[in-house]
Every structure is written in structure tokens, then in C-alpha cells.
Amino acid sequence: MKSFIEYIVSIFKGLWTLLIGMKVTGKYFFTPWKNVTQQYPENREKLVMFERFRGEVIMLHNENNEHSCNGCGICEINCPNGSIEIISKSILTADGKKKRIIDQHIYHLGMCTLCNLCVKACPSGALAMGQNFEHAVWDRSLLTKVLNQEGSTIAENVKEE
Amino acid sequence: MSEIKEIMFNSDRLATDEYLVNMGPQHPSTHGVLRMLVKLEGEKVLNIQPHIGYIHSGIEKMCEAISYPQIIHLTDRMDYLSAHMNNEAVALCVENALQVEVPERVKYIRTIMDELARLASHQLWWCVMGMDLGALTTFFYGLRDREMILDIFEETCGARLTVNYNLPGGVMFDIHPNFQKRVKDFITYFRKKLPEYDQLLTGNVIFRERTEGIGHLSLADAIAYGVTGPSGRASGFSNDLRKHQPYSAYPLVKFNEILDHRCDTLARYEVRMKEMHESLSIIEQLIDNIPEGDYAVKMKSVIKLPEGEFYQRVETARGEFGVYIVSDGKKNPYRVKFRSPGFSNLFALNNMAKGHKIADLVAIMSTLDLVIPDIDR
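Chains A and B, in that order, give the protein sequences.
The first sequence begins at 1 in this note's numbering and counts up one residue at a time.
The second sequence begins at 1 in this note's numbering and counts up one residue at a time.
Hints listed in this document are in silico derivations from the structure and should not be mistaken for laboratory results.
There may be inaccurate statements among the hints.
[Claimed, not checked] Label pairs and their computed distance ranges (CB to CB):
{"hint": "1", "chain 1": "B", "residue 1": "LEU150", "chain 2": "A", "residue 2": "GLY130", "range": "11 to 21 Å"}
{"hint": "2", "chain 1": "A", "residue 1": "GLU85", "chain 2": "B", "residue 2": "LYS298", "range": "41 to 51 Å"}
{"hint": "3", "chain 1": "B", "residue 1": "VAL302", "chain 2": "A", "residue 2": "ILE106", "range": "23 to 33 Å"}
[Said to hold, decoys possible] Below, a sample of chain A positions facing chain B; criterion: calculated Cβ distance under 7 Å:
{"hint": "4", "residue": "GLY21"}
{"hint": "5", "residue": "THR25"}
{"hint": "6", "residue": "PHE53"}
[Stated by the list, open to error] The list that follows gives simulated cross-link-like pairs (lysine-lysine, DSS-like), each with its CA atoms no further than 30 Å apart:
{"hint": "7", "chain 1": "B", "residue 1": "LYS274", "chain 2": "A", "residue 2": "LYS23"}
{"hint": "8", "chain 1": "A", "residue 1": "LYS120", "chain 2": "B", "residue 2": "LYS331"}
{"hint": "9", "chain 1": "B", "residue 1": "LYS300", "chain 2": "A", "residue 2": "LYS120"}
{"hint": "10", "chain 1": "A", "residue 1": "LYS34", "chain 2": "B", "residue 2": "LYS331"}
{"hint": "11", "chain 1": "B", "residue 1": "LYS192", "chain 2": "A", "residue 2": "LYS34"}
{"hint": "12", "chain 1": "A", "residue 1": "LYS23", "chain 2": "B", "residue 2": "LYS193"}
{"hint": "13", "chain 1": "B", "residue 1": "LYS192", "chain 2": "A", "residue 2": "LYS27"}
Predicted model, so just to flag it, every value in this text is computed and none were measured.
Every residue, glycine too, gets a C-beta built ideally from N, C-alpha and C.
With the sequences and hints as input, model every part of the structure.
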């Protein structure tokens, strides 16, 4: 008889614990304004990422289309995955000296793990992390980017290599 | 009628066969690609043979070709839920080898980040534990609160999971001006939400029936298999490295090592739930007292360790994580070995699940809190 009563009591105790759980879920069911879901593709215009968010590596250009990369290659050495390639060319300066400057700063986004080591290592502060995170493309070759813009030149105050 | 009776009660014709079933590599309860060869008799588990290596990424071998600061970003990708602790282990190992003393501020920041990562990891574990046992609601509630921690990480470290925040000699950035306010907001918010976790799952009768007395792992077995972390502490194995071998700012804070002697699945669950409270109190003790100073010491641009062997272990959310570096004096390590907690914890599964039903196997595996890249590396 005693075990029978315990059995009945355990049934009601079990039901009570279920009700306690349903109290929590019910509270949120009737307060839907408390939900935290972001409607992502719709809120694209208003979506602001944090300033330190690492989406891709970019090269900073000023309004005169000048960057501060002197092509020293420290970012290339510091990159753990080989996602940066520096191609430099030599030109003749006005006073007849040979000088090596950057031709193309090639960045393979597909290989990049966004570890921030290149940005931290850059001695002239030419690189930065961009906030764009929508990198989906139709062709893999589009993930290889040239970071220095077309026709850009090196800014005047940058220390030479 | 008599013939049926004979078949049912005294015939060999009903004798069941043992059979082998593959659980995984695409099973939702394995949280990744883990295959287990399960030997069954009916529904009863007789033997489990885990087969690992489906996402082996060769991280240890890759480390031999890259420099020490570059190793750190690979450790993010092993146990991605305790990325901060993994980073810290390598950073501490290199600092100890070079005998570099980091500023107090770095120690405080590292400890706070470790505990936040531990909280985020335990929250995710709680979500999936409920989901494995059939309660999908817990998944949404846990992820909702974890989002706040990930936002804190994103604001200060720049990434949510693969943070790469620690460096040899300090941290990557100084903490964000909003950091302290956000962490305090989170603590007050989460202290209110933790009782909800208990109401939803801990007290639930179905949950208790499925976890109480299931998956017994005795203290002797826990030590023999090297089961560390909350899973080992639930068997009474006192192994919290934050207490026994304190690093960073852990000597400065007061907290309890949670031990449980019931050894079952429910004990492992409750140890983790109590650890969340401890983590909150650790962060509370440190967050207001972060000393001023540099966030990193200046290291040489090429870090070379002296010749020799170096070992550093830290307590991650899953247990003891060790980094063993053999250096030959060059800028790349000669050999790197990681002691990952998931690997040792997984192989105690056979001992725990033997004799239980296959549905209990899911519950037992869930309390081990396995992260498969951590096992395969």
C-alpha cells in the first residue's frame, strides 16, 4: 500500500515539474516582443558590425588614391597560410636611381583565416580589417583580390624599404 | 498452443544474436563526425569502439612549419568552444620558455576571457544536452544567452569563435571601452536566467529519469582513463588545474572546485551547472580591478625558443589541455604535441555505457561534452 501511494505521489510530482518548465516557456510565448531573433537579410541596411570585426583584409587608401604600402613583404612573411603575395617592380626615379615599389598586393581570401597577424605586423599601417562578411561568389577565382587600387600611388610620408 | 509455449520459454530458437551497428559518422548526437561501432544485444549496449580521424586536420604537423605566434591561430580550430584557453596555453608555454613576465593587466584580461569562454562553452553544452534528450526548447534558450558573450568577444577580439586573441607576451588588442560595462550587464542578466535553466531541465522528471544512475564512471576508472575536467570531477577526481597549478590571475581569486561523488550522468550535469555559478563569481571578482598598464610586452619580431622541451597545461571547459613543444633553437618548433581533453574523455565511454540501453548512450555521450576537432586535431 505504501509503495502504491509513493507511486501516485511520484506521478503528480513529475507532472508538477513539467508544469514548472512550461511556466518558463509560456512566459516567453506570451511576451513575443522579448525575442532576440535578427531578421538577417532584411536588416542588411541597418546592420552594423563591431569596429574590430574581422571580415577581410583591405588596404587603406586616402582621397588622392594613395596607400602607404611600400612593398616590404613583412605581411607575407607573417601570414601563416600564404594568402598574401607581394609582387614588386623596379622603376627609375627622377634622379636616375633604381627603386623597387609595389606592383600588386595579391590577397587570397579563400585561404585567409582572418588571424590579424598581417595587420598587426605591418610597419606602415597600410593594411586593416574590413567589416564586409558577405563573401559568397560564383567562381573561386573571384576570391583572389588585388588590394592596391588601380592607378594608386604610394603616399609621400611613408618610409621607404 | 503448447508448441508456442515451448518456443517462448524453453527453446533456443528465440536466442538473440549480437550484432554490430555503426553509430555515426553522420549521427546528430555525435555533434560532428565521430563513428562508433556499437555491439548490441537487442537494445543493450555490449561494447563500443570509437573510430576517430574523420576530420583529422594535421594541426600538429602544420605547427612544425610555422612560427610560434602563428601556431596560436591554429589552436582556435581544435577546441573551438574553448579557443581562448587553447590560445593561452601556447602563449604561456612560449612565455615560460623565454622567461617573459607579462603585465598584470594581461593576466586579468586573460582570466576574464577564459571564464567567459568557459561560460559560453557550458551554455552550448547545456543547449545540446537538452536537445539530445529531446528538449529542443533548451537549445534556443541557451543560444540566446550565449549570444551576449559572443558579442563581447566580437567587440574586443574581433571574432566570435576563432578569436586568436592571445599572443606570446600579451593580448592582441586592449580591451574595448565598452568591455567592462557589457560584462557586468551580462552577469546581472545571466544570474537571473540561470534559475530558468534549472526550472526547464534540471528539475524535469523525464530528464532526471534518463540521467540518474546512468553511465557510472568510478573514481579509479576516471583516473585510469585520464578523464579530466567536469566529467572527471563528477567522479570525485580533483583535477582542476586552476586550483592545483594556478596560472594567470587564478591565484588571486577565490572559487570552489566543484566535486561530486555520485559518478553518474546527472552528477556530470550538475558539476557543469555549478561551474557556471563559479565562473560568474570569478569574473565578478576581477572585472572591477583590471589594473592599468600595457596590454602586451614588446617581443622580438622573430621569436626563437631555446633548445629544449617545454610543457604547459591549462584547464579548458572540457578538461586538461596540454601543449608540449620540442625546440631545436630555430624559429619553428621541432615538434608540437597537444594533449586534448576530448580524446581521453571519449575512450572512457565504453566503460560507462556498457550494459545500458542505446538511448542512454546518447545521454552519456552528451555529458562528456565532446568536440570532435579537439579529438582528431
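These are the hints, each one checked on the structure:
1. For LEU150(B) and GLY130(A), the Cβ-Cβ distance of about 20 Å falls inside the hinted range of 11 to 21 Å, so the restraint holds.
2. For the pair GLU85(A) and LYS298(B), the beta carbons lie near 29 Å from each other, so the given range of 41 to 51 Å is not met.
3. Roughly 24 Å separates the CB atoms of VAL302(B) and ILE106(A), a value that falls within the hinted 23 to 33 Å.
4. Interface restraint check: GLY21(A) against chain B, minimum CB-CB distance 5 Å, threshold 7 Å, status holds.
5. The closest approach between the C-beta of THR25(A) and any C-beta of chain B is roughly 6 Å, which is under the 7 Å cut-off, so the hint is satisfied.
6. Hint status for PHE53(A) relative to chain B: holds, with the closest Cβ pair at about 6 Å, below 7 Å.
7. A hinted pair counts as satisfied when its Cα atoms are at most 30 Å apart, and LYS274(B) with LYS23(A) qualifies at roughly 23 Å.
8. Under the criterion of a C-alpha separation no larger than 30 Å, the hint pairing LYS120(A) with LYS331(B) is consistent with the structure, at around 19 Å.
9. Taken as a hint, the LYS300(B) and LYS120(A) pair is honoured in the structure, with Cα atoms around 14 Å apart against an allowance of 30 Å.
10. Of the supplied pair hints, the one linking LYS34(A) and LYS331(B) is violated, its CA atoms being roughly 53 Å apart against a limit of 30 Å.
11. Simply put, LYS192(B) and LYS34(A) have alpha-carbon atoms about 15 Å apart, close enough for the 30 Å limit, and the pair holds.
12. Of the supplied pair hints, the one linking LYS23(A) and LYS193(B) holds, its CA atoms being roughly 14 Å apart against a limit of 30 Å.
13. A distance of roughly 14 Å separates the Cα atoms of LYS192(B) and LYS27(A); the hinted pair therefore holds under the 30 Å criterion.
The earlier numbered hints that this structure contradicts are 2, 10.
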